[in-house]
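Engineer: Below are the chains, spelled out letter by letter.
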Amino acid sequence: MAIMTTIGIWVAAFFTLCIFSFLYKDNPFYKFAEQVFVGLSAAYWLVYIIYSIMIPNLFAKLSSDFSGNLILLIPAALGVMMLMRIHPKTEWISRYPISIMIGTTAGISMLRYMKSDILQQVTATMINPFASGSVPVIIGNLLLIIGTICGVYFFYFSKKQEGISKWPSKVGIWFLMVSFGATFGYTVMARISLLIGRLEFLLGDWLHIIK
Amino acid sequence: MKKSLPLIFAFLVGFVVLLSEFIPHRPFNQIVSTLEGWFMIISGFAILLGQISLIRMNTYKIIHKVPNWQYNLAGLISFALMLSFGLLWGMRETPGILGHGEGITAWLGLKPFDYLFENAYLPLSATLFSLLAFFIASAAYRAFIIRGLESNLLMITAIIVIIGRTSIGTMLTGWLPESLSFWHIPNLADYIMEFPNTAAQRAILISAGLGIVGSSLRIILGIERTYLGGGK
Numbered sequence: 001m002a003i004m005t006t007i008g009i010w011v012a013a014f015f016t017l018c019i020f021s022f023l024y025k026d027n028p029f030y031k032f033a034e035q036v037f038v039g040l041s042a043a044y045w046l047v048y049i050i051y052s053i054m055i056p057n058l059f060a061k062l063s064s065d066f067s068g069n070l071i072l073l074i075p076a077a078l079g080v081m082m083l084m085r086i087h088p089k090t091e092w093i094s095r096y097p098i099s100i101m102i103g104t105t106a107g108i109s110m111l112r113y114m115k116s117d118i119l120q121q122v123t124a125t126m127i128n129p130f131a132s133g134s135v136p137v138i139i140g141n142l143l144l145i146i147g148t149i150c151g152v153y154f155f156y157f158s159k160k161q162e163g164i165s166k167w168p169s170k171v172g173i174w175f176l177m178v179s180f181g182a183t184f185g186y187t188v189m190a191r192i193s194l195l196i197g198r199l200e201f202l203l204g205d206w207l208h209i210i211k
Numbered sequence: 212m213k214k215s216l217p218l219i220f221a222f223l224v225g226f227v228v229l230l231s232e233f234i235p236h237r238p239f240n241q242i243v244s245t246l247e248g249w250f251m252i253i254s255g256f257a258i259l260l261g262q263i264s265l266i267r268m269n270t271y272k273i274i275h276k277v278p279n280w281q282y283n284l285a286g287l288i289s290f291a292l293m294l295s296f297g298l299l300w301g302m303r304e305t306p307g308i309l310g311h312g313e314g315i316t317a318w319l320g321l322k323p324f325d326y327l328f329e330n331a332y333l334p335l336s337a338t339l340f341s342l343l344a345f346f347i348a349s350a351a352y353r354a355f356i357i358r359g360l361e362s363n364l365l366m367i368t369a370i371i372v373i374i375g376r377t378s379i380g381t382m383l384t385g386w387l388p389e390s391l392s393f394w395h396i397p398n399l400a401d402y403i404m405e406f407p408n409t410a411a412q413r414a415i416l417i418s419a420g421l422g423i424v425g426s427s428l429r430i431i432l433g434i435e436r437t438y439l440g441g442g443k
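Just so you know, the protein sequences line up as chains A and B, in that order.
Note that this note's numbering has the first sequence beginning at 1, numbered continuously upward.
Note that this note's numbering has the second sequence beginning at 212, numbered continuously upward.
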């Protein structure tokens, strides 16, 4: 077991260095590691779907009580119809399961987004900005209201925004830029944290230079 | 008929899901939960379809020996290896076709699938994403710096957030008196996240939500039908 753990660490170190080699330039080691990642990733998600969705929701129910779960043959058949997309001549058959999936998604998304992303967000913006005694919070609340209204106005593309009506849109862009900057900062931090993790692995677990 | 029947199906299921929100009683709530269950099963097959497509594409490249076909072979072998390990001995607590594989698990320290996951998949994905740390910073610097008010706003905010979330931020402005604590960089970063960032995120959520509601209505009513293929 110990030898296999060591081999595992060496394999991990090899793949880590293969990917880092791209910092110099594109090379065969990087291409190899990239393709291995694609293969492993595809297989991982397939196995995950088989064990967490297909078996408990379909195969286990059908094998334990086939007659009681006959209705499950419908999604199973629709799933097989989905696979017909592979061949150009039978591609049209896949339209039926796709239409059911799209219809269900449309209905569910419409309700979910109407509640969580529209009504709840609008409600949360309808605040009394002067309720707090602190000046920074009052300014912040005003920024929150103005930013939300101007940001939504920026996304209104049905009419050309010119003259006086372009100003709310411009303010909206400023708020969006601040938000993108914050998101960008967080993304950089997350990536740096991953990088530190990999360096810790190379210098600690692999080379034992750091404890 | 090949197109109109799927459109009717999409309308019916979408309409029933919408109706269930207004009539949350039998049989509508049952129909919706059944449809959600079906959705999961069909999406499982859809993922299988994607994997079959991946295998076909790689096999084609290998058979026709297109340039760099060796890498496709490596991808296909790693796919087959991970898939067969998962199917034969399962993953984590889930048994596979051959059960839990106690013997091989004792030898490897983990199940073969989990061994590959820990020692190949995880390092590869973490390193690939960490690689972006280098490119994201240099690309952003070239794209945004001193191009105008908007790009400067973006960069300044990013710098405040990055510095504010590290110990250097605390160190740089830690000497400020209590009365000026608002300008302490970590506090400034918190303020940006709490107010201007929330305002913009709300605007994005509301606008995207409106867009999704519109698109969903178009799909249910059969106006949007590009998902069926073949344009209008």
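Do not rely on the hints blindly, as some may be mistaken.
Derived CB-CB ranges, DEER-like [to be verified]:
| hint | chain 1 | residue 1 | chain 2 | residue 2 | range |
| --- | --- | --- | --- | --- | --- |
| 1 | A | 5 | B | 428 | 26 to 34 Å |
| 2 | A | 68 | B | 230 | 33 to 41 Å |
| 3 | A | 120 | B | 251 | 24 to 32 Å |
| 4 | A | 209 | B | 251 | 24 to 32 Å |
| 5 | B | 401 | A | 126 | 53 to 61 Å |
| 6 | A | 55 | B | 345 | 40 to 48 Å |
| 7 | A | 186 | B | 291 | 46 to 54 Å |
| 8 | B | 270 | A | 210 | 55 to 63 Å |
| 9 | B | 226 | A | 200 | 50 to 58 Å |
| 10 | B | 428 | A | 200 | 28 to 36 Å |
| 11 | B | 223 | A | 21 | 26 to 34 Å |
| 12 | A | 23 | B | 426 | 39 to 47 Å |
| 13 | A | 21 | B | 347 | 42 to 50 Å |
These are computed hints drawn from the structure, not numbers from a lab.
Computed from a prediction, not measured in an experiment: that's the story for all the values here.
C-beta atoms are modelled at their ideal positions from N, C-alpha and C, and glycine is treated no differently.
Engineer: Please flag the earlier hints that this structure goes against, numbers listed from lowest up.
Structural biologist: Numbers 1, 2, 4, 5, 7, 8, 10, 11, 13, in rising order.
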